[in-house]
Amino acid sequence: MNWPAINRSILYWIVASIGVLCCPSPSAAHLVTTGMGPVYDGIGHLLLTPEDLVPVLAIALYAGLRGAVAGRRTMFLLPFAWCVGGLTGSAVSSATSIPIPALSFLILGGLVAADLCMPSAAVTVLAIALGLVHGFLNGAALRDGAGTLGLVGIMTILFVLVALISAFVVSIGKSWARIAVRVAGSWIAAVGLLMFGWAMR
Amino acid sequence: MIERISYKPQMCFSVLAALITFLPSFAFAHVELGQATGFITGLQHPWSGLDHVLAMIAVGIWGAQLGNPAIWLLPVTFPIVMSMGAMMGLLGIPLPGTEIGIALSAILLGAMVLGAIRPRLIIAALLVGFFAISHGYAHGTELPAGQSGLLYSMGFVIATGCLHGIGIALGLVHRWPVGKLALRGTGAYIAFMGVIFLWRALA
Numbered sequence: 001m002n003w004p005a006i007n008r009s010i011l012y013w014i015v016a017s018i019g020v021l022c023c024p025s026p027s028a029a030h031l032v033t034t035g036m037g038p039v040y041d042g043i044g045h046l047l048l049t050p051e052d053l054v055p056v057l058a059i060a061l062y063a064g065l066r067g068a069v070a071g072r073r074t075m076f077l078l079p080f081a082w083c084v085g086g087l088t089g090s091a092v093s094s095a096t097s098i099p100i101p102a103l104s105f106l107i108l109g110g111l112v113a114a115d116l117c118m119p120s121a122a123v124t125v126l127a128i129a130l131g132l133v134h135g136f137l138n139g140a141a142l143r144d145g146a147g148t149l150g151l152v153g154i155m156t157i158l159f160v161l162v163a164l165i166s167a168f169v170v171s172i173g174k175s176w177a178r179i180a181v182r183v184a185g186s187w188i189a190a191v192g193l194l195m196f197g198w199a200m201r
Numbered sequence: 202m203i204e205r206i207s208y209k210p211q212m213c214f215s216v217l218a219a220l221i222t223f224l225p226s227f228a229f230a231h232v233e234l235g236q237a238t239g240f241i242t243g244l245q246h247p248w249s250g251l252d253h254v255l256a257m258i259a260v261g262i263w264g265a266q267l268g269n270p271a272i273w274l275l276p277v278t279f280p281i282v283m284s285m286g287a288m289m290g291l292l293g294i295p296l297p298g299t300e301i302g303i304a305l306s307a308i309l310l311g312a313m314v315l316g317a318i319r320p321r322l323i324i325a326a327l328l329v330g331f332f333a334i335s336h337g338y339a340h341g342t343e344l345p346a347g348q349s350g351l352l353y354s355m356g357f358v359i360a361t362g363c364l365h366g367i368g369i370a371l372g373l374v375h376r377w378p379v380g381k382l383a384l385r386g387t388g389a390y391i392a393f394m395g396v397i398f399l400w401r402a403l404a
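If you read the sequences in order, they're chains A and B.
For the record, in the first sequence the residue sitting at position 14 is 14 according to my numbering, with numbers rising by one throughout.
Adding 201 to a residue's 1-based position in the second sequence gives its number in my numbering.
One chain only, chain B, in its complex shape:
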């Protein structure tokens, strides 16, 4: 223990020295200034819409409720299928009822969490994948002019993955009886918000 404590300040300064070497003070040149805003925009975008946030968190919570392998299979599947939806949007392929699909995703995924429903894995993956297309179609293509598509995509996918991670972390409380109850309450809230989103989409 004593050795470890005396070692930490040295390690701290080593890490500091390593970090300082990465300071980009020398990297001036270049015409592509401002490209990084694409990454920030992509990173912020999924958090800007409550419908997307709630659906992504519901995916994570449901995956945690279902346990292995759904806990990792759903978050692995979702970004890829979501990107297919975004690609459809980018290619101009029409997808009617996108907003309704997003609202339904919140209702159904919330209901799954509320009821702690355990369908077969393939059905869960298909359900999540189906809604992922709507989310990707609506959100993946909203790149502001002049920003990097690649960096926007990276930010968007990472932020969506982080939302799944939050959902999984929340879902891990299902091990305790109180946690199970709390998750069901969260599912009810997500489903209720989904009804509001659906109301707005149809209005």
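So that you can see chain A by itself, here it is in the shape it has in the complex:
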């Protein structure tokens, strides 16, 4: 074994990690103005808004658990539905008293935790529903901020996230890794329940 080479590699990792950690710029979430244009604003919005990001992660995990076909369909249809919902939301007022994110957390997290066997068509319907509803909620906010180009950014990052996560889950073969995914689902469902509590308080 070539210890010096490995140690040098570890040293690179440590230096790189410290270098990144030494840049503690504050990050402010939600409807972010990145200064880099509306597409990046849209990307930043999704990545920094847990109400939208976590349900997307959950549907990607669930689609991955259901197999490659469900994953592929979700990868294409979720961004499309989000776009349709966003355009509709930007044209219509999207104020609602229903705790939509809490519902998304609860339903999708519960499905991941239970690893419930559903046909890939049902997963597709779920993905479209998620995209339409969350896109609709995003629509009004984007109208005041990043606009339609913001939706392009959101669609891009949705495609990338769902592709990476679903592909990862589809590829896992070991049972403990699948269980880890289900544990993550239970956490998401638990957060959804708490969100309901906060909403009804």
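Please keep in mind that the hints were generated in silico from the structure rather than gathered at the bench.
Nothing here was measured: the structure is a model prediction, and the numbers come from that model.
We put the beta carbon where it would ideally sit given N, CA and C, even for glycine.
Be aware that one or more of the hints could be misleading.
Unchecked claim - Here are some, though not all, of the chain A residues that point toward chain B, as calculated from beta-carbon distances under 7 Å: (1) A113; (2) A190; (3) W198; (4) R201.
Position chain B against the provided structure of chain A, taking the given hints into account.
Below, chain B without anything else, positioned relative to chain A:
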């Protein structure tokens, strides 16, 4: 091997470059500054009370002792039921004897680990779920003013899950005779601390 070693520095710099793109130097604007403290508060909260820490670790250890499927079923069940308890607290539904329930959870779960008791799975899940309600009720609702409920909830659930993970990791030593003995000692300690918590709750 040679190829792999020469590949690592390149991969390192690629990862560094990718990480740098995530540096939030450009994300200034916004009125929701300080929201992230909700996540940190939630993440810290389960670690702040020894009663919660010991009970969560006991759940993980017991799950590991019971083996498959309890090793994953208990940690999957616990956060959801715990959140139901927290929801009860948030909705103002009274739950008498919460602190006593938490102390009893440490005593009983510690005793289960001490005796390496193997009840039927449904009984183990019901026992853990019952105590999860007390823990959620007591700890899940303590959000400081001005912080995000969602982020607090996420931090709280993740930290609780990590405590289960620690318990499972500790519990894996039961494969060895010395490990079994050590786990029983840990169970005895948790049960003993539970008695102290109960004493305080009743005092």
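Item to check | Non-conforming hints, listed in increasing numerical order | outcome: Hints that this structure does not satisfy do not exist here, as all of them hold.
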